[in-house]
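Since chain A is already given, all that's left is putting chain B on it; use the hints.
There are 2 protein chains.
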Amino acid sequence: MGHRKSKGVTIDADVVAGNGLLDRRVFLSGAAMSAATGGITFPDTAAGDPLPVESWMKTPGAPFVPYGQPSEYENKVARTFTTAPGTTGTGASRTPHHLLDGMITPNGLHFERHHSGIPDINPDAHRLVIHGLVKRSLVFTLDELTRYPMESRIAFIECGGNGQLLYQKEPAQVGVQQMQGQVSCAEWTGVKLAALLQEAGVDPKAKWILAEGADAAGMSRSLPLAEIMQDALIALYQNGERVRPANGYPIRLLLPGFEGNMNVKWLRRIKLTEGPTMTKDETSKYTITMPDGKSLQFVFAQEGKSVITRPSPGLTMKEPGFYEITGLAWSGYGKIAKVEISADGGKSWAPAALQEPVLSKALTRFRMAWRWNGGPAVLQSRATDDIGYVQPTREKMIADRGSRTIYHSNAVTTWGVSENGEVKHVYA
Amino acid sequence: MGHRKSKGVTIDADVVAGNGLLDRRVFLSGAAMSAATGGITFPDTAAGDPLPVESWMKTPGAPFVPYGQPSEYENKVARTFTTAPGTTGTGASRTPHHLLDGMITPNGLHFERHHSGIPDINPDAHRLVIHGLVKRSLVFTLDELTRYPMESRIAFIECGGNGQLLYQKEPAQVGVQQMQGQVSCAEWTGVKLAALLQEAGVDPKAKWILAEGADAAGMSRSLPLAEIMQDALIALYQNGERVRPANGYPIRLLLPGFEGNMNVKWLRRIKLTEGPTMTKDETSKYTITMPDGKSLQFVFAQEGKSVITRPSPGLTMKEPGFYEITGLAWSGYGKIAKVEISADGGKSWAPAALQEPVLSKALTRFRMAWRWNGGPAVLQSRATDDIGYVQPTREKMIADRGSRTIYHSNAVTTWGVSENGEVKHVYA
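Line by line, the protein sequences are chains A and B.
Just so you know, we're using the working numbering here: the first sequence kicks off at 1 and counts up by one.
Just so you know, we're using the working numbering here: the second sequence kicks off at 429 and counts up by one.
A hint or two may mislead.
Not close to chain B: a few residues of chain A, all C-beta gaps over 10 Å, as computed [unchecked claim]:
no.: 1; residue: VAL15
no.: 2; residue: GLY345
no.: 3; residue: GLY374
no.: 4; residue: GLY388
So the derived list for chain A, only partly shown, Cβ under 7 Å to chain B, looks like this [what the hints assert, rightly or not]:
no.: 5; residue: TRP56
no.: 6; residue: PRO63
no.: 7; residue: THR189
no.: 8; residue: TYR323
These aren't lab readings, by the way, just hints derived from the structure by calculation.
C-beta atoms are modelled at their ideal positions from N, C-alpha and C, and glycine is treated no differently.
Looking at chain A on its own, in the form it has when it is part of the complex:
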């Protein structure tokens, strides 16, 4: 087994921070690489094919299908969900980030937040209305929208309540999916809302819009016109194909960087108004209650944030040696500028590699080389975005905001690695 060999590898020159964080150059050394995996074997195979011919090579494989699915061996790669008592479609589902890699979330695993289930919308009957303080009200069919100029945008969407367990006094014994699974990223394509508003002719008195969904909850949010003119899309496509029912089929509002439920799904109506409408979804929910009992309302951008997805709880480390620490970072303010990693609970930090392309308001994959020495380790990631916003520690977040809210939790998430390789959620 390769592990024994790893003891002799000289890697000190590559150490970049405490408890085994290494420069990525270490992986370019063949010697270090042989230590990376404990299970490498060296069969005596100079002459021929060293592998048995497996059963699946002996008969023709499966036929074509019109729309493909994942391997059945991957059926644990699934969303988990919690629903309100007595309901089946009201609640949230979470993306299994510990089992994924890259920046794109496949459509079948995009997180969901539904307020009254997923409506079964007939696209031929669906309409988008723009009305209120406009020169002329407009109604669009999907066919009509499809003739407009489109724009594509790789963007994350994060539920305002994602990461809320960090407000709890004791560290919840869950993994990255339950902790931080209400954020996903897709390539969205649609029509710029600004173009449609220009066509309707905006009354100068209009300063806000109301966006309303066609679900049974009539989920609706108010948004300031000035803030959304630049980026808002009427999204028709998600990762190439039409938006999934769970994500707003046939159309959703996409507001890159903004709180998840402002990206109104099943969009049916944009009404231009003088002020916010004060819907149930922005008064009874999605406000940040501060320690003094007052609430912050209309907190639009999801703040800069990151989380390590591997290693993480449930992915037990089998033996000491080389690993890659990887995870996701994002900011509703812009691009990720830097992600730092600590393996010693925040005593020392080193910058991770950021996977190109690094895009504004999209998930950014980060990677860091690590040699786990088999001792206890405390893993953290800390994101900084291009406006200089730094992801806070949990301590700082709670000092600033208290813990009376469940929203906009963007503090550092900490994974503790024990000597047996088990990974747990801890507070550092």
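What follows is chain B alone, placed relative to chain A:
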């Protein structure tokens, strides 16, 4: 109806090429926009909600599911496939690009080319062997590969036979899916092959590799080591989740820009050799037979290319007015630098907008504003990449290569629009 109004819109200043091609600024004019869709109605709705409350708003919607699917209303958005006589899994399936938008192909719609069906591989039993001219042979389990440093890459894969109908004497009466559907694009994540080879220790005599798949065809290709060290990935993830069975589960070789079947699926073996192995898949197939009967072997890169996906056959245009012309461009040599559009069969051209991010060896979405005047039109796109390679006309491709081959057809595809709005494949 808005169409009548469009007659009065002054747009001459925005004309950029013949037969109605327009600068994209035209879409920023409210007046022009109102002409973009013929079906806009102007309900008298100043006061209230102008839409009926649809049935799906009156009862709670569908519950959560672990892995989501597209709307049932979208079941025509599917791959079409052709199989060899007497088989169900040997042939090719094609991506329905006329019904998609953006650059990412969703995993369920990625094109396929199988030589003996899709093997049902147990990932725990699967091994990757590196052997031949190396210091030490290596065998990897999937668990071991997962500990190595990963890299993500958004890349197209195109079958060497994509577009082959352009070699036919008469224009095939099919659409973009049948003509050009054997190209797709995904975010692939995996381990750099160079890192694994470095660990194995490459014998200086080794100049080529053999890459072999674990399907019943044992599909295998030879590749020159120098050409693949930079980019080759052992891909484990496709758009975030594990590679789909149809695309090589549990691992495939990714060679951005190279002929599709060199990206060996179900990868089981990399053997380092002095020269090419001359497998059946690079002698009996995937060679370009020239007019003199000699064949070009080992043509690695897919050349620069583009195709208009909308409008295209099957997407009949209902009335004159404003449309967006959109499509995809790609080059195995690098980034797309320019896509030009003609609406008059190549007499005049204007540059399309390229959707950012424009990535090397990835699909690039292009967009162009067009006012269709209701007369005949001949639509073409022509890609230029960043090494200056220009996509050839069909005439030039056939002058250079003859028409004895079916491979590497990258000529301009032409859509003819007739007065009734029907779109057909034509030769211009």
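**Study point:** Restraint outcome when PRO63(A) is required to lie within 7 Å of chain B by C-beta distance
**Key:** 3 Å, holds
Exercise for review: Taking the shortest Cβ-to-Cβ distance between VAL15(A) and chain B, state whether it exceeds 10 Å.
Suggested key: 16 Å, holds
Review point. Is the shortest C-beta separation between TRP56(A) and chain B less than 7 Å?
Key: 4 Å, holds
Review point. Taking 10 Å as the cut and beta carbons as the points, is GLY345(A) off the interface with chain B?
Key: Since the minimum Cβ distance to chain B is about 23 Å, GLY345(A) lies beyond 10 Å and the statement holds.
Point to revise | Given as non-interface: GLY374(A), partner chain B, CB spacing beyond 10 Å | key: 15 Å, holds
**Study point:** When the least beta-carbon distance from TYR323(A) to chain B is tested against 7 Å, hint result
**Key:** 6 Å, holds
Point to revise | Least C-beta distance between GLY388(A) and chain B, which was stated to exceed 10 Å | key: 23 Å, holds
Review point. Under the criterion of a CB-CB separation shorter than 7 Å, is THR189(A) in contact with chain B as hinted?
Key: 4 Å, holds
Every hint, counting from the list given before, is met by this structure.
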